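Colleague: With this note's numbering as the guide, the letters of the sequence shown map in order to residues 1 to 563.
You can take every hint at face value.
Derived DSS-like pairs (lysine-lysine); straight-line CA-CA distance at most 27 angstroms: (1) 260 / 249; (2) 292 / 260; (3) 351 / 260; (4) 461 / 403; (5) 431 / 403; (6) 316 / 461; (7) 241 / 70; (8) 249 / 351; (9) 403 / 387; (10) 38 / 12; (11) 70 / 12; (12) 431 / 316.
Calculated directly from the structure, the hints in this document are not laboratory data.
For clarity, every value in this text was computed on a predicted model and none was experimentally measured.
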Amino acid sequence: MSEKEDLRGRSKDISEGVNRMPNRAMLRAVGFQDEDFKKPMVGVASTWSEVTPCNIHIDQLAREAKAGVKQHGGAPLIFNTITVSDGISMGHEGMLFSLPSRETIADSIELVVNAERFDGLVAIGGCDKNTPACLMAIGRMNLPSVYVYGGTIQPGKLHGKDVDIVTAFEAVGKYQEGQLTDEELHEVECSVCPGAGACGGMYTANTMASAAEAMGMALPGSSSTPAIAPNKSVECTEAGKAVIELLRKNIRPRDIMTLKAFENAITVVMALGGSTNALLHLLAIAHSAGVKLTLDDFERVRSRVPHLADLKPSGKYVMQDLNNIGGVPGVMKLLLEKGLLHGDCMTVTGKTLAENLAEADPLDSGQDVIRSFEQPLKPTGPLVVLKGNLAPEGAVAKMSGLKKMRFSGPARVYDSEQEAADAIARDDIKKGDVLVIRYVGPKGGPGMPEMLSITAMITGKGLGGEVALMTDGRFSGGSHGFVVGHVTPEAQVGGPIGLLQEGDIITIDSETQEMNMEISPQEFEARLAKWVQPPLKVRTGVLGKYARLVSSASQGAVTDLDL
Numbered sequence: 001m002s003e004k005e006d007l008r009g010r011s012k013d014i015s016e017g018v019n020r021m022p023n024r025a026m027l028r029a030v031g032f033q034d035e036d037f038k039k040p041m042v043g044v045a046s047t048w049s050e051v052t053p054c055n056i057h058i059d060q061l062a063r064e065a066k067a068g069v070k071q072h073g074g075a076p077l078i079f080n081t082i083t084v085s086d087g088i089s090m091g092h093e094g095m096l097f098s099l100p101s102r103e104t105i106a107d108s109i110e111l112v113v114n115a116e117r118f119d120g121l122v123a124i125g126g127c128d129k130n131t132p133a134c135l136m137a138i139g140r141m142n143l144p145s146v147y148v149y150g151g152t153i154q155p156g157k158l159h160g161k162d163v164d165i166v167t168a169f170e171a172v173g174k175y176q177e178g179q180l181t182d183e184e185l186h187e188v189e190c191s192v193c194p195g196a197g198a199c200g201g202m203y204t205a206n207t208m209a210s211a212a213e214a215m216g217m218a219l220p221g222s223s224s225t226p227a228i229a230p231n232k233s234v235e236c237t238e239a240g241k242a243v244i245e246l247l248r249k250n251i252r253p254r255d256i257m258t259l260k261a262f263e264n265a266i267t268v269v270m271a272l273g274g275s276t277n278a279l280l281h282l283l284a285i286a287h288s289a290g291v292k293l294t295l296d297d298f299e300r301v302r303s304r305v306p307h308l309a310d311l312k313p314s315g316k317y318v319m320q321d322l323n324n325i326g327g328v329p330g331v332m333k334l335l336l337e338k339g340l341l342h343g344d345c346m347t348v349t350g351k352t353l354a355e356n357l358a359e360a361d362p363l364d365s366g367q368d369v370i371r372s373f374e375q376p377l378k379p380t381g382p383l384v385v386l387k388g389n390l391a392p393e394g395a396v397a398k399m400s401g402l403k404k405m406r407f408s409g410p411a412r413v414y415d416s417e418q419e420a421a422d423a424i425a426r427d428d429i430k431k432g433d434v435l436v437i438r439y440v441g442p443k444g445g446p447g448m449p450e451m452l453s454i455t456a457m458i459t460g461k462g463l464g465g466e467v468a469l470m471t472d473g474r475f476s477g478g479s480h481g482f483v484v485g486h487v488t489p490e491a492q493v494g495g496p497i498g499l500l501q502e503g504d505i506i507t508i509d510s511e512t513q514e515m516n517m518e519i520s521p522q523e524f525e526a527r528l529a530k531w532v533q534p535p536l537k538v539r540t541g542v543l544g545k546y547a548r549l550v551s552s553a554s555q556g557a558v559t560d561l562d563l
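Let the hints inform the model, and build the full structure from the sequences given.
Modeller: In structure tokens form, the structure reads like this:
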């Protein structure tokens with residue numbers, strides 16, 4: 001940085017003037033010298049934590065990012081925020097706190113960056129809620145920023161086969177069916193998570209990391225680099241350099257996170273067969289960035305993008321396999337060549353998407369992780385927005401790996417995940433049933449819990465694809481089968497899902513994109529007239545606040561809508 005160059009857009013509030021001498025005195029206590037007050041202050045938001053393998057290594061990555069900022073003329077300071085482990089919180093009351101943690105992470109980053117008057121930010125995330133939360137904060141503040149994904153875990157090995165965390169969840173169902181012994185179950189437990197990194201398939205963490213790269217907020221290739229790869233540390237150092245360049249060029253997140261950039265993110269998510277959570281999170285990020293994005297935009301993009309990636313949970317491979325054959329840049333290069341990406345979008349490199357991809361290698365020849373356009377897994381994206389009398393504001397179905405495009409059957413209705421789990425364990429749920437779990441939406445949960453344990457039990461019982469599951473809650477990126485989530489309006493606010501009765505016939509049709517219960521309009525109105533809104537399950541603490549503030553899933557389940 002030249003002597004004349006002054007990139008201190010906000011930190012001058014602290015670094016200049018007699019009145020700010022006490023503020024500077026405190027920074028001297030953490031290592032600042034005279035020359036540091038002439039440099040732009042850059043925050044490094046670290047989600048390091050010992051509570052999950054997704055984030056166990058991020059403390060070192062934060063130090064690498066700090067070094068990169070310092071080497072290129074900035075004055076960096078690391079601060080921490082929280083993370084919640086979705087895998088560990090799955091299947092019990094802890095899952096109520098997962099989605100609300102997204103808001104807490106975003107809020108905490110916004111609080112620190114604004115209070116400390118940082119000029120720019122490098123944010124590093126791992127587990128599912130980290131990426132959307134960091135991008136939400138970045139979008140709100142609109143300061144030069146770079147996001148770095150902590151990286152994917154390597155697959156575990158068991159009897160010569162790759163295994164991962166979803167293997168463990170599905171092993172529970174197999175054990176209940178008598179297909180696994182106690183010893184075999186313990187073997188699975190000890191094999192599926194070999195070290196640091198986020199869950200390895202195209203689950204939520206890897207989906208959102210890919211989306212971040214596709215929209216231009218992460219360095220090229222960084223979304224598919226494994227957590228323990230040496231290049232992950234290099235990426236963090238480069239992110240430190242990149243944020244200084246963004247400050248020099250005054251390129252801000254809202255210059256990057258445009259509607260076209262979100263369309264690029266949706267395109268990549270559809271091609272990769274990503275998690276249903278992508279819809280929820282991208283809606284929330286767009287809201288934070290001041291971009292008008294709706295479920296209709298997802299459907300518009302889906303209709304023209306084929307599903308190409310043979311990745312878990314419905315496919316064969318994991319993120320590390322994708323990285324080995326060219327990574328997300330290789331996929332994006334292919335999509336750009338086919339005219340499916342907006343190449344003129346700006347990115348955190350200071351170059352356009354097309355300029356970045358011109359330097360990327362194509363996918364390896366002969367690989368079968370990514371299918372050709374001539375032989376896709378599915379001619380259109382697998383994340384389908386459904387509407388109809390059960391979801392007038394929309395619902396989301398994931399159709400990857402399914403032969404059936406239509407499902408019709410009797411409703412088996414439960415008002416909690418535990419009631420449904422008990423029913424599956426008792427073998428009450430039969431082939432052809434539509435399992436309904438309601439009053440578990442953003443307000444009703446509260447917290448819109450994921451249903452991975454339920455879908456894993458169904459699969460473990462041998463009913464995958466033979467039982468449909470519908471909920472106003474969410475699904476893990478590891479869920480697969482005939483599943484429909486994010487049903488809106490949710491039951492808690494009077495949505496039609498709350499009017500369902502045991503035995504009602506439900507028809508889910510991904511080709512017509514409808515989900516209906518087969519009752520007469522008169523019966524519908526009669527049930528609606530009798531419906532009484534139940535009180536919120538939690539009225540105090542973080543969940544009480546969340547339940548009062550949170551918006552519909554069709555709006556991203558944000559807590560600052562129209563405040």
